[in-house]
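Chains as they are written, first to last, in our numbering: chain A, 15 to 127; chain B, 3 to 116.
Incorrect hints may appear among the rest.
What the hints assert, rightly or not - Computed footprint of chain B on chain A, listed as stretches where at least three residues anywhere in the stretch have a Cβ under 8 Å from a Cβ of chain B:
(1) 50-59
(2) 62-70
(3) 91-100
Hints were generated in silico from the structure; no laboratory data involved.
Just so it is clear, CB atoms sit at the ideal spot from N, CA and C, and this is done for glycine as well.
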Amino acid sequence: GAGVSQTPSNKVTEKGKYVELRCDPISGHTALYWYRQSLGQGPEFLIYFQGTGAADDSGLPNDRFFAVRPEGSVSTLKIQRTERGDSAMYLCASSLDGPRTLRFGPGTRLTVL
Amino acid sequence: KQEVTQIPAALSVPEGENLVLNCSFTDSAIYNLQWFRQDPGKGLTSLLLIQSSQREQTSGRLNASLDKSSGRSTLYIAASQPGDSATYLCAPRNYGGSQGNLIFGKGTKLSVKP
Chain A
15 GAGVSQTPSN KVTEKGKYVE LRCDPISGHT ALYWYRQSLG QGPEFLIYFQ GTGAADDSGL
75 PNDRFFAVRP EGSVSTLKIQ RTERGDSAMY LCASSLDGPR TLRFGPGTRL TVL
Chain B
3 KQEVTQIPAA LSVPEGENLV LNCSFTDSAI YNLQWFRQDP GKGLTSLLLI QSSQREQTSG
63 RLNASLDKSS GRSTLYIAAS QPGDSATYLC APRNYGGSQG NLIFGKGTKL SVKP
């Protein structure tokens, strides 16, 4: 596609529920990144994939957060037992050959009531 | 732990002015530093990337400088235009960190008035 797409654009859920956020990277981009941005803050790194494998998952805050990229293209960020503090904009990015070519999607705004 | 501070938090200028946005970081052991802009409702756009061995990078009306030893970077915008209105974020990458593991500041929200 022309750019990175993320679905849904908005997600409202109740505390304790499970949610999945999807990211479609630019075709051919081997690297994929997830970030979380709370209101008034800069993005916070969560996880980075190179191909199908997680090259760096040091930013995942706890074991309620998990991400997959089974075929090296689409990625899904999964959050179990959501908490109000998980409310944020979740940003996905992809790149072909490193950070210089980083392209971000528009984000998914998650609200946990 | 790397901490990134951006000053000012917000800036409003008339069109045509030259301006400087500041970024400071506490750990000078960085691999590179990137500047991004973020438009409301949209993702981030990478503007400039400076390697730790470089002093500055230029792209059009934008010039970014890096003084690694003092933990500072500046983004200079020449002849500002209303289309430059956005939030500008700096993000160093620490040595030992993966290419996605960027540490972002809170940003400077720029408003350029016609």
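> Taking each numbered hint in turn, which are not upheld by the structure, reported in ascending numerical order?
Replying inline: The structure breaks only hint 3.
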